[in-house]
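Using the numbering used here, the first residue of the sequence shown is number -16, and each one after it goes up by one.
In case anyone wonders, no lab produced these hints; they're calculated from the structure.
None of these values were measured; they are calculated from a predicted model.
One should not assume that every hint holds.
Claimed, not checked - Taking CB as the label site, the calculated pair distances span:
#1 Ala69 / Met101: 14 to 20 Å
#2 Asp113 / Asp(-9): 23 to 29 Å
#3 Phe(-11) / Ser37: 37 to 43 Å
What the hints assert, rightly or not - The calculated DSS-like cross-link candidates involving lysine-lysine, where the alpha carbons are at most 25 Å apart (straight line), are:
#4 Lys86 / Lys17
#5 Lys66 / Lys89
#6 Lys17 / Lys61
For glycine and all other residues, C-beta sits at the position ideal for the given N, C-alpha and C.
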Amino acid sequence: MNNNPFKDFPVISSYTRQEAIDDGTLINITDITKQRGFKFPVCITSRLYACLESIPKKYSLETVRGRINDILDMLIFKIQISKEKASDIIYFQVIIHDSRNSKTPKRLYSRCSAGDNMEPVITIMFEDED
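Could you put the whole structure together from the sequences, leaning on the hints where they help?
Here you go:
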């Protein structure tokens, strides 16, 4: 039995995860996350990626890949200590040096949801993104 109240309505518009990756709205970091033990595909938003790319001269030894690993370290830690093991959303913070030399942690979250073919996928983004 299909309980979908929209089953008889036409699809007006759709935007797939793959389209978001293709147009640069999402950045696929699955190659990195697989090495860290993640079992599902992982993307970050283009806004977060732009923040990671913006490395001040003072921190010129930092790399985008290293910053991605910093985010993954904090996410993995937060998952391990999370009291709600079944949650699809994990909030966490990480310090990303920026042009303002801010030591204020960036507030991020990861969401595990259904991908284009209903497979589990993870997206990491700023707290004010969706």
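Checklist entry - In this structure, is the beta-carbon distance linking alanine 69 and methionine 101 contained in 14 to 20 Å? => result holds, 18 Å
Checklist entry - Does 37 to 43 Å hold as the CB distance between phenylalanine -11 and serine 37, or does it fail? => result 41 Å Cβ-Cβ, so the 37 to 43 Å window holds.
Next on the checklist: Within 23 to 29 Å: is that where the Cβ-Cβ distance between aspartate 113 and aspartate -9 falls?
Outcome noted: holds, 28 Å
Next on the checklist: Does lysine 89 sit within 25 Å of lysine 66, going by the straight-line distance between their CA atoms?
Outcome noted: holds, 22 Å
Item to check | Hint consistency between lysine 17 and lysine 61 [alpha-carbon to alpha-carbon, up to 25 Å] | outcome: holds, 18 Å
Checklist entry - Are the Cα atoms of lysine 86 and lysine 17 separated by 25 Å or less? => result Violated, because 29 Å separates the two Cα atoms, which is more than 25 Å.
Going down the numbered hints, you'll see the structure goes against just number 4.
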